[in-house]
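Engineer: Heads up: the protein sequence lines correspond to chains A and B, in order. Take the first sequence: its position 37, counting from 1, is numbered 36 in numbering that gives the first Met the number 0, and each next residue is one higher. Take the second sequence: its position 26, counting from 1, is numbered 25 in numbering that gives the first Met the number 0, and each next residue is one higher.
It is worth saying that the hints were derived from the structure and are not from the lab.
As a list, the in silico DMTMM-like pairs of lysine to aspartate or glutamate whose alpha-carbon atoms are at most 25 Å apart:
(1) B/58 <-> A/63
(2) B/434 <-> B/203
(3) A/59 <-> A/26
(4) B/353 <-> A/72
(5) B/418 <-> B/446
(6) B/58 <-> A/48
(7) A/21 <-> B/193
(8) B/353 <-> A/41
(9) A/21 <-> A/48
(10) B/188 <-> A/41
(11) B/188 <-> A/48
(12) B/262 <-> B/248
(13) B/58 <-> A/41
(14) A/21 <-> B/177
(15) B/418 <-> A/41
(16) A/50 <-> A/26
(17) B/434 <-> B/251
(18) B/418 <-> B/428
(19) B/58 <-> A/65
(20) B/353 <-> A/65
(21) B/188 <-> A/65
(22) A/21 <-> B/195
(23) B/144 <-> B/172
(24) B/434 <-> B/394
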Amino acid sequence: MASKEIVSPLPGTFFRRPSPGKPPYKEEGDRVAAGDVVGLVEVMKTFYEVKADTAGLIVKFLVENEAPIQAGEAIVALDV
Amino acid sequence: MSIRTLLIANRGEIAVRIIRAARELGLRTVQVYSAADAQSLAVRLADEAVEIGPPPSAKSYLNIEAILAAARQSGADAIHPGYGFLSENPRFAHAVEQAGLVFVGPHSHTIRLMGNKVAARFAAAKAGVPTVPGSDGVVSESEAKNVIETIGFPIMIKAAAGGGGRGIRVAHDLAEFERLMPMASAEAKAAFGDGELYIEKLVDRARHVEVQVLGDGDNLVHCYERECSMQRRRQKVWEEAPSAILEADRREAICASAVALAKSVGYRGAGTLEYLYDEATGDFFFIEMNTRIQVEHPVTELVTGIDLLREMITIADGASLRLRQEDIAVRGHAIEVRINAEDPANGFLPHPGKVERLHVPGGPGVRFDTLLYAGYTIPPFYDSLLGKLIVWGEDRAHAIARLQRALHELEVAGVKTTKPLHHALAEAEDVRAGKFHTRWLESWLDENAARLQEAGSGLGSRSGAGLAATRTRQEEGQGR
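One chain only, chain B, in its complex shape:
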């Protein structure tokens, strides 16, 4: 390795994950942190820690200058951006390159290209990869109406600069479209600094299937797919590898298309191509590429045996891809559930606070990637992900049984978490049968609200009366 010191420009469980991979490669680690994260697990585990600013992300984890200064001060020669924050910011990647440091990820040009969702659709079309029917690039309101005449309602209005489920509006008829289009443009301008919009057909009852790829700029392999159809407010809640329903020929086709597209842009590093899959027809449509490590990467690691973070770092160090496609196979089934500091009995109200006791599940086929330790106070300033419980089983039924066993062992005392939700999901007939799509979970939650309230009752739940979550304000970072 020519990299000696790796700076982690992120926080939380992914910072811990990166430190672990770096240490196994013999690297020294430098963790940057905000004033709210001085007691974080990542800070404790790293060889060195550098404070970069006050709690708000805009002043710390999104502060490019402060991060580069920390790299200079600590003698780091590479930076890993994790997910969210600056991980898909081409200006950051470029600044790291300009500073003569290694950015653990693709070239800034690639991030810029694939980060613009319209440019990514063009790249997909050029590589022969199907995209959701919609406009050829950004459109005005009148152009959009012409497109809608061909594709029909319902449609999605999407921000060209959006991503990760952000900047999307759904219109079911012309009146709704005329009302939402100007609003969507103003919002996109405020949130992303770019009001340009494009139109896509809403694929109903679609499943979310995504393909993990690894490339070194010349060679490129896929590590098969993950399925992340269980979502709430477009945020993934439960992820699996392989997909519960994808048939072998469809799997080969979707993975081959991902390789073709990533290869066509000379992709380097770990990346994920997201698709909507229409179970009824077997059609799949490319939606976007994430040019970074993803939250749910461990399910791929458990079924393929590949350490994706290790591969990312060695590729960034200049090594050629060690893996050939024929070396990569899927064995068994893995499931990841997100343990968030949210109260499912109370409208998923965020619940920061002090962890009084922690018991981490163990035993065969169980992994828990977390930022927690007993006595840790979870700050309110960042997203609610506390940890990811990941299990492996010989088949899907075995994985679900292990998940239930591991959830039973997991104890996070002092704060409310989404553990009761996952208990209930693991028992749900549709989940066990693999019968779900991207909008399944929200309707299931409506139907099972009483049951979730019961599961969470009598535990001193914080009152959420009169509280309504609002998403009107610009959200920063952590879009993943």
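Just chain A, with the same shape it has in the complex:
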């Protein structure tokens, strides 16, 4: 098994839920397929979906919900 990270392509604020009051897209321990949404990045009042580019198992979220992030920062650690 290899490790891989899902990185944010944009700077902004990271959200794990599609909207307040809804459950998170994914939890630690969940499996993802390529193209699955793992969170949203809000940049300048616009929301972008962050997708897994490969299938794998979510080991850990490296960024807290609603935390500021930089472009290129790792969001999720995956086992692939």
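Fit chain B to the given chain A structure using the hints.
Structural biologist: Just chain B now, kept in the frame of chain A:
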């Protein structure tokens, strides 16, 4: 003036604009700011600055308690809300009034009345102002179907508590309506805390015409119209005054209707009444009133010579309206384009970052209202508006020529902006001929995508592959 210290409860270019107006009136200025805005131009220009919270707007610019505390701490006796954020929040206006401070805007009752789009439609009907055919107030799904039998498709499903282009769904047939109506209600509930909906006929190929008014509660004047038909995702991109196509009798009729409606609610301050204008028939329909200063106010200032921010503050201070209708005339033509931190070559991907170099255009008839300075790092937390390039010319063709000249001079190095879009628009035949409507720009963008990509190529554009903007999440503040 009895106001001595004005607190600015906003950020960005409008905060700078308010500080300028206040200083010209001899007022002391207090700028509130989030932790992300400590280096902002407004903070630098104000006499005093007070930090009110962390970067997210919900915890800073939308935090009523923190703003009132900043006002107490700094000895402010008036608050200007700008646009977006808390500017049309009746609870905020009421809290300011209760705190014994002056709210630079209408009374909280007026904001509450006109902020509910259904109540505003009723007020319009009562004042004899035409509204878009639709339901008499909020409706259930079955009531909506009865209305649709009369007005026909396509229709818009709108949130009673929405506004600024938010909370709108379009249905073209019954199946689509039945699918969207419950979804729209759930979304409105989540976004605005109120799931009530109403129905309006979709006026196809309409133009967006809006009338600026100024009132002191008793007297009311209009400052003619602006046209803002060039929109992308219901956000205005390019605005003009006067409208490129409105004929004199229609102009008089639409402005008179705006005065009648604003007068009927005893309007105080600066406000804007938005209309859809059907060019084919000459019919106009009131859609909503914005009870605040608008982003595009400078085009009105350039053609009338009126300083709208100055008037707002003096009216809030208790002065009667200085202007009579016969004092107000339009001279020449003004155009404003929004310079946003977005990459038009790459799906309008937002592009915060550091401004390495800045050159602001100058010369006759050119104004640039901006939050930028060289070396400034644009934070990712707020909307993408960096500045507004506004030009005045003797006529529309002259204004477009000046716009092209000024765009050529403008340099914002280090971030992607919408400048290339405006260059292309200023050359577009339909734009030059004034032939556009509210959905013109989106189809033009589809047709000209390759050209915009070319204009932006070779400049190290950030890859947007695999990114899809989503608007499902509740957006806060900045609805304008």
